[in-house]
Amino acid sequence: MELRRKASSFILPSFVGLIYLFLYAPIIVFIIFSFNKNPYSLKWHGFTFSWYRDLFASSEVAEALTNSLIVAFSAVFLSVTMAVFYVFYGLGSFLNRLTILFYGSLIAPEIVLATCLLSVFSFLNMPLGIPSLIAGHTLLGLAYVVPIIKSSYEEIDNRLIEASMDLGATESQTFYKIIVPILLPAIMSGALLIMIISLDDFFISFFCSGPETLTLPMYIFSQVRTGATPIVNAISTLLMVVSSLLILLLTSFKIKTRFF
Amino acid sequence: MAKRECGVVREMSDNKFKSSVLGASENKSFAMALPAVLWQGIFLYVPVVFIIGISFLKGLDGSVFKNITLGNYDTLMNSSYFITIYRSVVLAFSTALMCLILAYPTAYFLAIKVKKYKNLLFFLLILPFWINFLVKAYSWFFILDHNGFVNSFLIKIGLISTPFHILNTPIAVYIVMVFCYLPFMILPLYNSMAKIDKFLLEASSDLGATAGQTLWHITIPLSMAGITSGFFLVLIPSFGEFVIPTLLGGGKTMYVGSMISYFFLETKNVFLGSAFTCLSGLALIFVALSIYFVFNKIGKKNMGVK
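Which chain is which? The protein sequence lines are A and B, in order. Note that the numbering used here has the first sequence beginning at -11, numbered continuously upward. Note that the numbering used here has the second sequence beginning at 21, numbered continuously upward.
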């Protein structure tokens, strides 16, 4: 009996250990190969930093990175601003009921969103490129950031607002000195989330970036498809480092997002 | 007077109170709230209607009424395209099921059993969730290739003499799908289990329930919300998955995602492509609803203990 209990208390932790191994082994092997000397082999040939040097020298990577950052920052700015305005001005009115509309882009598979966007842009004869990417990423961003800001806004204690008005603050003073600071953690975590989602997105980039605009995910995809050198491993390793730092920042805000 | 005002304030909902105090009342400035709604409408809902409409057309020249046809759907029904939808449903469902089987014990351990290093373990679990999807898929090349990690290891310990060919087969697609979508399952499960009151579990075992009975009658019903949302978080995106079958399946077996991109980007047959998108959307809605009903039934059944 004692033995059996000991055995069963051992099974669960080792199962979980295997899950962690499953989740991390490919990524660790992948990172190790960003230091591999031989570019076209999946065998280890010795340690080198040269792929990181090539990475920073490559104009293609620089272009892709610039485009991706432009799109990501615009999407963050647009969706956060629109979401704050929506929550602040819309919740008291009939628009409140339309909040459910924002869940549409979370429920539909991303490939459907991408084909929809593509059809709109080609039907209106608008050129594909950075604007269409910003449109798509803002669409995704709104779906994540509106619920976050909304729930944080609803938690604000009405007495704070009353007190501020009683003590003689004007409406705009109350908005900027009371509401915005209280919403700030939600705004920041929403912004970080959109940043990561935009840099990670594949479908919208694949369908709507057009033939000339190169973004980071598209760069990686085309490289992988045609046989990649360890430059791809190097850039992905750097991306991973950046996004894990962002996640560390995000968890420190302690805001409840959809997935945490 | 003051009393009446107080009553009025209380009658208003919280949101109404905030906006009326701050002068953002309905007639004044709800226009400021419109951009977000319009953005959603223009780039998502109008296009959805547009795609549904276009799926019933055979061309755009001439009047719209002349072009109305059911031919697109007819073509799809009578062709091998239809089997790709079935294949994607099977892939998505089996991926979600495998993720559930692997994720449930993990989330249970993390949310209920573990006490030391809980934050670190949790952080390590959410990290893969945010790693670029392409990178996650590509990393398996190094594991599964015939010179890769698995084969070298198996040959070294003498279990096999010639390398396995796993890459570019449906097995590779399945393994990597489970790998990529596992975090989508673990997180909602963890969330719902972290909320379970530990005293309930203690009470159950104090009152003589075995570990299995506690699991079946207490833990699973209380984590049903997590199971449902995790299942859908995996099922829906994996139904339209494109990257993994393309990169690791060798592009030989077609799934819904690869089919849609084939119609829209390669043959540029928007009309047939729209019909295919609508048809697969319908299939997905049907599957999702049936699963939802089944989960609902299970949840109710073991909630009402005997």
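There may be inaccurate statements among the hints.
[As the list claims (entries may be wrong)] One side only, chain B facing chain A, incomplete, derived with CB under 8 Å:
#1 Phe129
#2 Ile146
#3 Val155
#4 Phe199
#5 Leu267
#6 Thr297
Since the hints were made in silico from the structure, they are not lab data. From a predicted model like this one, the values you see are computed outputs, not experimental measurements. By construction, the Cβ of each residue, glycine as well, lies at the ideal position given by its N, Cα and C atoms.
Against the structure, the hints:
Nearest Cβ of chain A to the Cβ of phenylalanine 129 (chain B): about 5 Å, under the 8 Å cut. The hint holds. At its closest, the beta carbon of isoleucine 146 (chain B) sits 7 Å from a beta carbon of chain A; the interface hint therefore holds under the 8 Å criterion. For valine 155 (chain B), the suggested interface contact is upheld, since its CB lies about 4 Å from the closest CB of chain A, less than 8 Å. A least Cβ separation of about 7 Å between phenylalanine 199 (chain B) and chain A falls short of the 8 Å threshold, and the interface hint therefore holds.
Against a cut-off of 8 Å between C-beta atoms, the interface hint on leucine 267 (chain B) holds, since the closest Cβ of chain A lies about 6 Å away. Interface restraint check for threonine 297 (chain B): the shortest CB-CB distance to chain A comes to about 6 Å, inside 8 Å, so the restraint holds.
The earlier numbered hints are all upheld by this structure, with none contradicted.
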